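Chemist: Here the protein sequences come in this chain order: R and P.
With the first letter of the first sequence counted as 1, position 193 gets the number 192 in numbering that gives the first Met the number 0; the numbers rise by one all the way through.
With the first letter of the second sequence counted as 1, position 158 gets the number 157 in numbering that gives the first Met the number 0; the numbers rise by one all the way through.
No lab work stands behind these hints, which were simulated from the structure alone.
Honestly, I wouldn't trust all of these hints.
As the list claims (entries may be wrong) - Derived pair list, reagent style DSBU-like, types lysine-lysine, alpha-carbon separation capped at 30 Å: (1) LYS171/R to LYS196/P; (2) LYS3/P to LYS45/R; (3) LYS204/R to LYS45/P; (4) LYS77/P to LYS45/R; (5) LYS196/R to LYS45/P; (6) LYS77/R to LYS147/P; (7) LYS196/R to LYS215/P; (8) LYS215/P to LYS3/R; (9) LYS78/P to LYS215/R; (10) LYS139/R to LYS3/P; (11) LYS3/P to LYS3/R; (12) LYS204/R to LYS215/P.
Since we're looking at a predicted model, the values are computed, not measured.
Next come the chains, spelled out residue by residue.
Number of protein chains: 2
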Amino acid sequence: MGRKLQVAVVLFDGVSALDATAPYECLQLLPNTEVVFVSHTVGAHKDALGYLSLNSTHTFHEVSLPDIVIVPGGLGIKKLLKDLVVLDWLQQVNDTTLFTASVGSGSLLLAEAGLLTGLSATTHWAALEALEKQGVKVAKGRVVQQGKIITAAGPTSGIEMGILLASLATNKDFAKSVELILEYDPQPPFNTGSTTKAGAELTAKATTMLYANELKASNL
Amino acid sequence: MGRKLQVAVVLFDGVSALDATAPYECLQLLPNTEVVFVSHTVGAHKDALGYLSLNSTHTFHEVSLPDIVIVPGGLGIKKLLKDLVVLDWLQQVNDTTLFTASVGSGSLLLAEAGLLTGLSATTHWAALEALEKQGVKVAKGRVVQQGKIITAAGPTSGIEMGILLASLATNKDFAKSVELILEYDPQPPFNTGSTTKAGAELTAKATTMLYANELKASNL
């Protein structure tokens, strides 16, 4: 059977729970695979608004050869952009990963680590401008693959990225089963899931909600 | 402003992380709201395969008047069906909730607590037969609302249920913003997200995968 495939999901304070759990729920289904949750210290990491905490199982030091790395986004990503330990770790593990991937604002961290240089990528719509300012060519699409670097847009696109990764790591038939097990037969209630579909007014409202959360989160 | 709206998400060992986090990610956005994660004991609860653990913040004893209750599913739900403390708690809080809701096999617990008597409901496709055996009329649809009782199908339908609950607890405009913030503009890669679309052969394969996970989980 050989060595197990190792999937490492990065955790941090202020993570978006869904950014982390959506691809995880797909990848935990892969055969002969183990998933580790990695951060500076083992234990609880609160999400953006602090209601939910997810537990990491390993420190960065303990995970040196992951096959697949997932960097979720969330309001806490800003702090990580200056974190040399995390940036170094990402650069090092990326040398040997099969795939290095992000959801939402997680791509800002990949960019900061220099992993998106010369590549197209995406992020949550509210972070597209920030990603462009980092010199990254912003691409259309919920999931953008450039060789082994894969970036996804807002939290729910992490489902699609997880299914894609399942396909790349095994085969299409397996990934079809993953889509079925997740019962991913979506029926979005309002058809307002993209800024284009939502329009300028609704996008402005949603942006205000996001800023309010950022403020709440900074007080936690 | 009055009392905050309280959302209670039930946690337990063997929970499906996505069943819990998908509606949570929607409901945490509600204005003047707090979310609590409730279980027998405060602290870590491992998900089905044991890679990820989510932390509960309150015991059942500490949460007596939640406005919205979410019961996620997962391989661990079976054990809860015989848990009189949980069943009693569900019956009691349901007297005063605005909405009592489940994702995936969480509806089996609502049924066991007698909350689905005379109602139509849904669950993960792999648990539909079990729900019928409990005497519940199985309904078509990813999200089934019967007054204040709302049940959702497999994990990703929890997103749609969260958006629906956001709409019911506030208004449609707010819920549209939630859909946009979650960037729920889905593009399922293989169009195999329902048993009808997947067909019998693929459904049989996915069922085998689920049984294998159940076996793995029982050894943890």
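Chemist: Each of the hints needs a verdict: does it hold here or not?
Modeler: Against the structure, the hints come out as follows:
| no. | hint | in the structure |
| --- | --- | --- |
| 1 | LYS171/R to LYS196/P | holds (15 Å) |
| 2 | LYS3/P to LYS45/R | holds (21 Å) |
| 3 | LYS204/R to LYS45/P | violated (37 Å) |
| 4 | LYS77/P to LYS45/R | holds (28 Å) |
| 5 | LYS196/R to LYS45/P | violated (38 Å) |
| 6 | LYS77/R to LYS147/P | violated (40 Å) |
| 7 | LYS196/R to LYS215/P | violated (43 Å) |
| 8 | LYS215/P to LYS3/R | holds (15 Å) |
| 9 | LYS78/P to LYS215/R | violated (37 Å) |
| 10 | LYS139/R to LYS3/P | violated (39 Å) |
| 11 | LYS3/P to LYS3/R | violated (47 Å) |
| 12 | LYS204/R to LYS215/P | violated (45 Å) |
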